[in-house]
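**Q** Next come the chains, spelled out residue by residue.
Protein chains: 4
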Amino acid sequence: MTYRSGRHFLQIPGPSNVPDRILRAMDKPTMDHRGPEFAELGKTVLAGMQQIFKTENPVVIYPASGTGAWEAALVNTLSAGDRVLMCETGQFATLWHGMAQKLGLDAEFIDGDWRHGVDPAAVQRHLSEDRDHQIKAVCVVHHETSTGVTSDVAAVRRAIDAAGHPALLLVDTISGLGSVDFRTDEWGVDVAITCSQKGLMMPPGLSFNSISARALQASKQAGLPRSYWGWDEMLQHNARGYFPYSPATNLLYGLKEAIAMLLEEGLDNVFARHARFSEATRRAVRAWGLEVLSLVPSEHSNVLTAVLMPEGESADRLRAVILENFDMSLGTGLNKLQDRVFRIGHLGDFNDLSLIGTLGGIEMGLSAAGISHNKGGVQAALDYLAEVAAGGQDCARQRVA
Amino acid sequence: MTYRSGRHFLQIPGPSNVPDRILRAMDKPTMDHRGPEFAELGKTVLAGMQQIFKTENPVVIYPASGTGAWEAALVNTLSAGDRVLMCETGQFATLWHGMAQKLGLDAEFIDGDWRHGVDPAAVQRHLSEDRDHQIKAVCVVHHETSTGVTSDVAAVRRAIDAAGHPALLLVDTISGLGSVDFRTDEWGVDVAITCSQKGLMMPPGLSFNSISARALQASKQAGLPRSYWGWDEMLQHNARGYFPYSPATNLLYGLKEAIAMLLEEGLDNVFARHARFSEATRRAVRAWGLEVLSLVPSEHSNVLTAVLMPEGESADRLRAVILENFDMSLGTGLNKLQDRVFRIGHLGDFNDLSLIGTLGGIEMGLSAAGISHNKGGVQAALDYLAEVAAGGQDCARQRVA
Amino acid sequence: MTYRSGRHFLQIPGPSNVPDRILRAMDKPTMDHRGPEFAELGKTVLAGMQQIFKTENPVVIYPASGTGAWEAALVNTLSAGDRVLMCETGQFATLWHGMAQKLGLDAEFIDGDWRHGVDPAAVQRHLSEDRDHQIKAVCVVHHETSTGVTSDVAAVRRAIDAAGHPALLLVDTISGLGSVDFRTDEWGVDVAITCSQKGLMMPPGLSFNSISARALQASKQAGLPRSYWGWDEMLQHNARGYFPYSPATNLLYGLKEAIAMLLEEGLDNVFARHARFSEATRRAVRAWGLEVLSLVPSEHSNVLTAVLMPEGESADRLRAVILENFDMSLGTGLNKLQDRVFRIGHLGDFNDLSLIGTLGGIEMGLSAAGISHNKGGVQAALDYLAEVAAGGQDCARQRVA
Amino acid sequence: MTYRSGRHFLQIPGPSNVPDRILRAMDKPTMDHRGPEFAELGKTVLAGMQQIFKTENPVVIYPASGTGAWEAALVNTLSAGDRVLMCETGQFATLWHGMAQKLGLDAEFIDGDWRHGVDPAAVQRHLSEDRDHQIKAVCVVHHETSTGVTSDVAAVRRAIDAAGHPALLLVDTISGLGSVDFRTDEWGVDVAITCSQKGLMMPPGLSFNSISARALQASKQAGLPRSYWGWDEMLQHNARGYFPYSPATNLLYGLKEAIAMLLEEGLDNVFARHARFSEATRRAVRAWGLEVLSLVPSEHSNVLTAVLMPEGESADRLRAVILENFDMSLGTGLNKLQDRVFRIGHLGDFNDLSLIGTLGGIEMGLSAAGISHNKGGVQAALDYLAEVAAGGQDCARQRVA
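Protein chains in written order, with the UniProt record's numbering: chain A, 1 to 401; chain B, 1 to 401; chain C, 1 to 401; chain D, 1 to 401.
Here chain A stands alone, though its shape is the one from the complex:
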């Protein structure tokens, strides 16, 4: 790659742009992870993650990417052949389902069209039919990174309860946590799964499980073989601020800074900021005459927006034109959406002017690629953001509040 002036716009839906404060926090000598100083770090990040997850239960941190935390959630709570109920919200739900099968689980998959979130009624129906409670866990993706569609986790919990079913609720909030509200305890989530490179603004390499009392109980009986992912030893060492094997120390330095930054800004402000970016982005998309993939307004993601291409146009060609001309990376369409959508990440360490630059790059890219569209998308975003700044009607803020 030849040198290009200015900062690259990394507007994929994760990894998000890592702020300098975090990069610099990681750029420090690795310490002895069995020494006294480490315990302070360990306790700080473990407690901080509980705040971010909004849980009073333990959170464990793996030196692994998010896929590892999916596996950890399954192998700690389930046994070979166990039935689990999963919901096809998009590519990541599909991958998780594939993993469950590989691990020897009997994973049922409720069909979906990749434009809607989980249907709580369908979950309730399936569970009600499972009279002898063979389904051990319901697995849902809170925030589908492949589609930009959010699922209503609290409603899924209500559906489980309405069915009077004891299944555990395992939730992937990989692209949501730290950008949109997530209430582990209030929503009755048994295991919440996330990783470092989205709302936590970090490079990839860390992933997380929150563990409810019921999940912990389940882990005592769960029969899937496990060692690296085992909660028991992890929790035992975490109690004193340590880890059973070498932690990714320098990433933990970054995590400490990330948590501090989120709390400095205030989680509610973080959520409102993301809601604002998301509303502005959709206004731009509509002004261009393009279609947002997510169909139900209450399910629109605040973290990314997947945009459908006009019939006959290639999303990947547009992305290539934009990368070439304007040095911006956008997310590709995955699996059945390949070349049909592009995804705009507007998450993490991000502000209004960078969003305007991002949308400007897309509007210019549409022109440069010769794709039919209306001008005025950036203008629509400007109008909305200026209105919010002027203290006018802030739909986003209201929606969050």
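Hint data in this document are derived by calculation from the structure and do not stem from the laboratory.
Since we're looking at a predicted model, the values are computed, not measured.
Honestly, I wouldn't trust all of these hints.
Pairs count within a copy or across copies, as identical chains cannot be separated in the list.
[Stated by the list, open to error] Quick list of in silico lysine-lysine cross-link-like pairs, DSS-like style, CA-CA up to 25 Å:
no., residue 1, residue 2
1, 102, 336
2, 43, 54
3, 43, 28
4, 54, 102
5, 375, 256
6, 336, 43
7, 102, 220
8, 28, 256
9, 43, 256
10, 336, 54
11, 54, 256
12, 28, 375
13, 256, 102
Since chain A is already given, all that's left is putting chains B, C and D on it; use the hints.
**A** Frame of chain A, contents of chains B, C and D only:
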């Protein structure tokens, strides 16, 4: 200052945004500046700066900011009471004139209205009247950072020659070098002056003099007292890659990287890029119905644009609104332009999308501050930049070529 | 922790001191791991690791610490209930054995006294008795970080071959690779396991498997459930420079730099350097009248030295005195060696003067802690290192060559 | 330079080893030096430097190296032809004297042998003879970096007072401040001069003047031409936390961190630490049978030790052997001491184990270079440092207290 998400937009006309590559290059242990490894560094940056200055004569590097290099140019070439001819192009010309007076020079100042560059005819007239050649130097600011007006240095040289006058030509190209073309040798510049925090993309702390053979000759007789700024010892040590006193080693690490980046991109590409940003910015300003301070098209700066406020509106209030709401710093109006103009820096390590973000911040700021203007500035810039990207008529590129 | 002047001496046997070049290489914006630029990085580090492992077979890289790579080696090649033969060389062999049991393997453990390496004759005996080839794998730790004892991997391979046994050879070279010679292909290692924070000079967070053709073949039949660790998808994506899930991008930046540094220095020079440190350290230990844990000279580790305390003295108290007074971390005794030994790490990015500082800290610590010893350990090391520098008899260099 | 493993030992008497905390503090985006956030930084470092200088008078900070602050002290307080009294303590006093002459001052130079500090009696004698008070300033180097000899500044002040002479006292404490005690106000120093790369642990590029009320008064009449160095404008802008021209912003980030580190450790602890290093170093030198250049015990520098070579041996060859074999830079002998002494820097961010490494490098270097010496220098240092750690008789600490 509380934490704000996303990157601050530092759109003052210098210091420009320092790219990570340069910051990281500086983030290294200081070396022994008398050891063998240092000589390699010294020779590399000295030779590199000759390329940037387009000169085969020596360039010296001071651990000092640009003001120091002004002083160096004067004290090395002049004696107490010497007459010098200076031209009032704006605040920095005015400050340099003040410095000349403080140093005991007899500094004549050709009036200007801060909206035009140097008038070569006026220079020629003054020199022609100076029949006994008492004027020892003509001092001009190539690129007035306070007004966004460029002066035609080659024309000034022609004026001096046309007058048959032996005065030295000392030129401040502080905000120009590395962003707009500057040809030290071809234009017959005797001392060119610059510093690190503009086109060189560095933090402040280094400044430079190029030294023509005639300037060097003049320094043998020049009587102003000098030690720190003395060229003689500097050149003597530079010959082997060293410095007579402690150089700002870590800033030199950054300079080495900066020179490499400019040459990787190619100077002509760098100049075309700045011309493009400048044209896009003026189109936005005009679309808003505002006025560019610079009056003559051929003198418009490619590095910054100074914008006149509508009558009765405060530029500083607008800047405060923008800083508060959109986390962007713009340049203030200086001296007689105080509160009357704001200055948009579009120099250094910068790209199209960041420019769109910058202009978006101004357009939203005008709204948020309730200042009467037309919408469509950002749109005008988008249209222009998309046209350039599409390979359409690139006025900027043509103008440079 | 209050501020302490100077650099902390991190002389545990890993994480080793991370050099600034690597920290700075990691301190860069995370890139799109599905973009074109990433593929270059991916291919570079994958090919580089083959050079370090001295293999022409593929190497895979996990975003995980070394324990994960142990698990990967087992779950990719084995099925539930499979017999494996392991050798008790110390705490890490013991932990790996425990992991094998947790994963449902029938793991036999050849006893050891923690002061010797693997006994190839014993391995051969066990394999010869396994006439129907139920043992699927022999697992040995090349370099026991808990004891400072090296095992002769080539001899183990010869033993397997001599027994005419088809078992795979899985080797943990976690603390050896990159510091002492390791010849994956020449020694017939089927899976070699390592991680980032030892000879590779990185922070923890990456781990590795090399995969022989036979190991790959075994993975087609192996029945242990796996997803995150699965070689198949990994190799499929690696072929084009990508990863099946988010890689730890910033750690890969560091890895690229680490590989470059090892190759710049030259692997043979790296090995000779470690041999020199190790010899100097043992001379110091003997001069103090203390005992090196490793009993057989040809098995002495070049990476760390475990030192037995005099009867009745606490190793942990000595370590605490040294940390408190001289800001140096030493490795603790593990498991049955708890409080009985301390371990001196002399691996990774390290030089003669830092070794002298390290040994000086121990000699002063022995005094400060009131532990009976002879003076002169540092002097013995100085004498040896000066002799080597003077080109005198370099036992270490000879031993390596 | 080819890559060498481990950290370079930069044991010249400045630049000292810059700690990571400071490098990382500098590795941040440059801010608008006219914006509100800057004023906080400016006020913090200006107030912090008053604490370090132990003065209630203003301190000014130049973007310049130490030589610039020498010039600033002279041009702000003196007029062309003024008589000043200077004392030949070594190379830096000699250079400062040369500067005074270049600037047109009538600079008297009291002879010295480069092995003693300033003789207060000689100063008093000269001043007493100057009955009409033509001598306007006495200039002394508190801490001669070329010789490792300290002068008694308080005694010089007493000598001036005893002579009843109104001359200003200008003191270069470039290599002393921040490492050894310096009491600007208590000792009646009118202008104290220092720079960033010694006790302040920074890279070069910043220098300082403290300004007494009398010095400020003198500056109103002083006639030497000045602009860049002018205190008046500097103080005017500093009052609000700003600077009259671009400050070296990123170096100021580092300075803020440096001040914080010194105050965290506690100045008295910093001074005691340096005294300890210095005593240990001299014990090593004597054990080798070599001679410390400084002749008077009370004048021994705590920051560096200059060591005389045995007759007929080249110091520069020894330094080259040590650099080549042990990757350590030592200071060269300057001017009349060229090749006769080497200088060991033991200042700044430094600890006991790095000192042992440093002394080890010298002892091994003496061997490798075949220079006749006794062994046991490192041992002597170890014995002393262990004794101090054990709470034994700490001569150094007593001397400081």
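**Q** Against each hint, give a clear statement of whether it holds in the structure.
**A** We went through each hint and held it up to the structure:
no. : hint      : verdict
1   : 102 / 336 : within (21 Å within a copy, 39 Å between copies)
2   : 43 / 54   : within (16 Å within a copy, 40 Å between copies)
3   : 43 / 28   : within (19 Å within a copy, 27 Å between copies)
4   : 54 / 102  : neither (31 Å within a copy, 32 Å between copies)
5   : 375 / 256 : neither (43 Å within a copy, 43 Å between copies)
6   : 336 / 43  : neither (43 Å within a copy, 28 Å between copies)
7   : 102 / 220 : both (22 Å within a copy, 13 Å between copies)
8   : 28 / 256  : both (13 Å within a copy, 18 Å between copies)
9   : 43 / 256  : within (10 Å within a copy, 29 Å between copies)
10  : 336 / 54  : neither (34 Å within a copy, 41 Å between copies)
11  : 54 / 256  : within (17 Å within a copy, 36 Å between copies)
12  : 28 / 375  : neither (47 Å within a copy, 35 Å between copies)
13  : 256 / 102 : neither (34 Å within a copy, 32 Å between copies)
When each numbered hint is compared with the structure, violations occur for hints 4, 5, 6, 10, 12, 13.
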